[in-house]
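J.: These protein sequences, in sequence, are chains F and C.
So for the first sequence, the working numbering puts the first residue at 1; every next one is plus one.
So for the second sequence, the working numbering puts the first residue at 1; every next one is plus one.
None of these hints come from the bench; they were simulated from the model.
A few of these clues could be false.
Rough simulated footprint, nothing fancy, chain C against chain F, three-plus residues with beta-carbon under 8 Å [what the hints assert, rightly or not]: (1) 41–53; (2) 104–118; (3) 212–221; (4) 397–411; (5) 419–427; (6) 450–463.
To give an idea of the chain F side of the interface with chain C (calculated C-beta under 7 Å), a few residues [said to hold, decoys possible]: (7) ARG160; (8) ASN431; (9) ARG447.
Where is the CB? At the ideal position from N, CA and C, for every residue including glycine.
There are 2 protein chains.
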Amino acid sequence: MNETLTADTTTQEIDGVARRAREAFAASARTPEAQRGRWLTAIADALDAAVTELVQTAMEETHLPEQRLVGEVARTTAQLRLFATVVGEGSYLEATIDHAAPPQPDLRRMLRPIGPVAVFAASNFPFAFSVAGGDTASALAVGCPVIVKAHPAHARLSRRTAEIVAGALRSVDAPRGLFALVEGYDAGIELVQHPEIAAVAFTGSVAGGRALADLVAARPVPIPFYGELGSINPVVVSAAADAARGTDLAQGLVGSFTLGTGQFCTKPGVVFLPRGARLEEALPSLVGPQATPMLSESIASGFGQGISRLLSVSGVEQVAGSTTPVQDGVPAVVLATDVETLVRHPEELLAEVFGPVTLLVRYGSDDELARALDHLDGSLTATVHAEPGEDVAPLVQRLEVLAGRVLFDGWPTGVAVAWSQHHGGPWPATNTQFTSVGATAVRRFLRPVAYQDAPEHVLPDALKESNPLGIPRRIDGTLVLGG
Amino acid sequence: MNETLTADTTTQEIDGVARRAREAFAASARTPEAQRGRWLTAIADALDAAVTELVQTAMEETHLPEQRLVGEVARTTAQLRLFATVVGEGSYLEATIDHAAPPQPDLRRMLRPIGPVAVFAASNFPFAFSVAGGDTASALAVGCPVIVKAHPAHARLSRRTAEIVAGALRSVDAPRGLFALVEGYDAGIELVQHPEIAAVAFTGSVAGGRALADLVAARPVPIPFYGELGSINPVVVSAAADAARGTDLAQGLVGSFTLGTGQFCTKPGVVFLPRGARLEEALPSLVGPQATPMLSESIASGFGQGISRLLSVSGVEQVAGSTTPVQDGVPAVVLATDVETLVRHPEELLAEVFGPVTLLVRYGSDDELARALDHLDGSLTATVHAEPGEDVAPLVQRLEVLAGRVLFDGWPTGVAVAWSQHHGGPWPATNTQFTSVGATAVRRFLRPVAYQDAPEHVLPDALKESNPLGIPRRIDGTLVLGG
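With the rest of the complex left out, here is chain F:
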C-alpha cells in the first residue's frame, strides 16, 4: 500500500548527524529564549505556507482524508506557537533564588536543556506526532537539537517536512546541526545507542517501545527514554446515563472509535455499560459495513489479527458492524462480552487493538463493574458518563490511578494542545510520569542546575538579580511574578 523505503541512513551518517547535533548544542544551549521562539514560529509559518503540498503528499501516503490532514497541520503549527509562548513566559525554567543566609550560601536553581534528542515519529499522526510534531517542537523550544527517525509509512512526507523545517531554521540563523532526519530500522537502533544522544522520545507500540527502552537501559551511560505506547482508554457508562441518553451516547461512541479509522492512541477500546443498555441497542443502525483505508497494510493486518484474538475468546460476540475487510479498507466493528468473561481473559481482551473496534463489557451491578475495573492496566485516558447527582467519586478515585486524563461526559479522541493537558499515563500507556502533549512536554528535555555563590556576570539571565527576562521566580521561598 505504501512505497518501500530504500534510503537507509548509514552508520557513518548517524555518527555525523549526532556529532553535529552535539556541536549545535554548544550554541543552542545558550540561545536566548526569544530567539528560540523565532525558530518555532519560523517553522510554523513555513509549514502553514506549504499546507496544500504537504496535505497532498500525506493523503497519498497515509490514506487519511484531506480535511483531517488540513486540521492536523493547523494543530501542528498551533503547537509550535504554543511552545514559543511557553518559552517566552519563562515559568518552565523554574528559576529559584535563595539569597545567602549564613551558614547557607547563595543558591540559585533553574532548568537547562539536556542535549541532543532522538525523536521517533509515529505512523498515525503524520504531522502532529511526526517530523515537526510535539516532541520536536518541545525539544527545540528549550534549546535541544533534534534528530528525527522518520516513520517509513510516510517517508516522502517526512523528507519534505524535514526540508521545510531545515529551511525555516536556516532563515532565522539557527545553529547548523540543530535538526536532522534519519531513516531506516537500523538507523533508529544506532541512534538510541549513540553516545551523543541525551534523550529519546518515542510514540508507537508497546512492543517497539519496550525494545527501544531495553536498548536505552543497556547503554553504558543511561539516558531518559520517553515512550508513548499502548492504551485501551476505558469508558464507563452509568445506568442512569444510559437511561437518560443512551442513543446520544451510542452516536458519540461510534464517532470516537471510528475517527481516523480507529487509529488514535486515545480511541475508546473498552466500554463498560449496563446489561440491556439503550446504547448497545442503538449501535447496529449506526455502524454500517462501509470500509475506510488504514495507514498501511501491516497496520490493517495487525487489526485483523486483533479482531481474531478478541473473537477467539468464548463469550465474546459481534453486535454491530462487520469484520469482513474489503479492497483497500476495513469496516468498523463492535464486539461485546460480560464481566465474567473479561475477568477470565483480561490479557486477550484488554490489550489495545489499533483500528475501528471497541469492546462492550456488560455489567449487572456496581460491584461487578468494580471487579472488572480491577483488571485494567494503565491508559492515557478514562471516561465517565454519569448523570448529575450520581455519586461518581469512588469511580473517579478508581480511574484516576489508571489514567493520565479523566474525562466526564465526553469522548477521549481529540487531545487539546493546552497548558493543562496531560497525555501520558501508567504503564503501558507510557513508561514515565511525563506528557508528550501540552505545555509541560518541555520538561522531558530539561535538567536542573544549581549555582552556588556565583558571581552575577556568570549567572544565566534567568537567575540574575535584576531579572532581565521578567519571568516568574521563587525568591527566598516565595513565588514572585515577573515583569
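Guided by the hints, dock chain C onto chain F, whose structure is given.
T.: Then chain C, alone, in the frame of chain F:
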C-alpha cells in the same frame, strides 16, 4: 566492626508490607495537605526529642563523631519541616486550569502521588539519607507510603528510628501501613520487584545502583528508579586564585576532603591546579598521619583498594598524608599527577574513591586544563576557584553540563536543604534529571493527572474554581498567586 545483621525480612513479610502500603495509599492519596504536613512535623518532633539516644546508637554503629551526628539529626528534622512547608505552599501541585473555550474542553491538571515508594538507606548519613531522611520525607510529604530498606551498617539505629517514625505517625492518626522498615539483601531485591511498588529511591554505589536499575528495568511493569550514585566532584583552581590565596585554599580543601573521613558523596575527589601551586606546597603541613575510623570494615577495605588503584598508575605520587591504615581507622592522603597521565588513564584516576583521599592534577595552561576536563564524567558538583575579573564563563559552560551544582570559591561538602538546591547530576552521579535534596525532591513521587469537563464536586481541592487551598495556579495560561 559492625554488628552482623541477622533479621532478614522474609518474602512473605515483604509481600505483607507492600500490600499494606498499597492499602494505605488509598487513604494517603486523599489525605489533605495540612494533615500530611502534620505527619512530617510529628516525626521531626519525635526525632528531636530522642536525639540523645539516637546519637549514642549512631556513634556506636557508624563511628562518626557526636557533634556531626547531632548536626545531622537537626538537618534531618529541618528537612522534614521544609517538606511540610513545601506541601503547604502548594506550588508543587502545579495546579493548572484552562477554562472551556469551544471547541476546547475545560481542562485542569495537577500532580498526584505515584504510589508506594521503596527507599534504600545510605551508609554514610545514618539520619539524613536513611530511615527518616530526604527520600522518606519527600515521599510521605506528597502522600506516598514508604517502605525503607535499612542499611546494614546501622541496623540498630534503623530499627529504633523506624519505631519512632511509626509511633509519631500513629500519634497523628496516619493511615496504617504508611511506613515500614525491611532488612536484608534479598529483601531489597524482592522489594524493587514487587508489583505494588511504584517507585524506588536509592543512595549508594554506582555498581549497586546499576544492578538495582537493571532489576527495575526488567520488571513486567517498569517504574521509576532514582539512583544517587558516585561522584568525583571536580575542583578547578585558577593560577590567579592560587597566587592570591593558595594557603587558604589548601586549608579549605583539607577540611572538605577529610570531612566525615571523606565519606561524603560531594567530597572533592579531583583538584585541577596550576603546576607549582602554593596550594600544593601547603598541603604536607596540613595533612597529618592521624587516622579516623570509617563507617564499616568493608568501606575501609574498599578505600584501601581505591588508593592502591590510584597509586598503581605510573605518574601518580603521594604528596601529603599517609596511606598506612592503623587500628580502627585510616589516615588522609593527597596524591598528585599531571594532565598527560590523567588523559592516558581516565578510568583508573577519575572513578570515585570513597574516603579521605583527593587527587591533584597539575596543569600547565588553560588548553591543557580544557583537555583534562574533557575526560570527566558527570558529577553532583563542580567547583571553581578564581579571582574577580577573570573570565571564567568558558570554564563554567564546560562544567555546568557535567554537574548538577556549580560552586564558586567554596567547597562542595555541605548540601544546603533549600528550595533551590539540586543534588543530582549527569551519569554516574544520578540516572535521572531529579534531585534527592531540596524542595523539588518531591517531584520524583508525583504523576500528573488532567481532568476534562469534570463536575466541580469531583475535582480535588487544588483544582476547584474557588481555590480553597489558596495555592498559586496557572489559569488560562497566566500564573496567579494564591489567597
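J.: Verify the coverage statement for the segment 104–118 of chain F against chain C, using a C-beta to C-beta distance below 8 Å and requiring 3 or more qualifying residues.
T.: holds (count 8)
J.: Would the hint on F:ASN431 stand, with a C-beta cut-off of 7 Å toward chain C?
T.: 5 Å, holds
J.: Closer than 8 Å Cβ to Cβ for three or more residues is the test here. Does the segment 450–463 of chain F pass it with chain C?
T.: holds (count 8)
J.: Against chain C, run the beta carbon of F:ARG160 and see if the smallest gap drops under 7 Å.
T.: Given a least distance of 29 Å, the restraint on F:ARG160 is violated.
J.: Given a cut of 7 Å on the nearest C-beta pair, is the interface hint for F:ARG447 held or broken against chain C?
T.: It holds, given that the least Cβ distance between F:ARG447 and chain C is near 4 Å, below 7 Å.
J.: Are at least 3 residues of the segment 419–427 of chain F within less than 8 Å of chain C when you compare beta carbons?
T.: Result for this restraint: holds, n = 7.
J.: If you look at each residue in the segment 41–53 of chain F, do at least three have a Cβ nearer than 8 Å to any Cβ of chain C?
T.: violated (count 0)
J.: Please verify the coverage claim for the segment 212–221 of chain F: does it have three or more residues whose C-beta sits within 8 Å of some C-beta in chain C?
T.: holds (count 4)
J.: How about the segment 397–411 of chain F: do at least three of its residues have a C-beta closer than 8 Å to a C-beta of chain C?
T.: With 11 residues in contact (Cβ-Cβ under 8 Å with chain C), the coverage given for the segment 397–411 of chain F holds.
Figure legend: structure checked against the earlier numbered hints; hints not met, in rising order: 1, 7.
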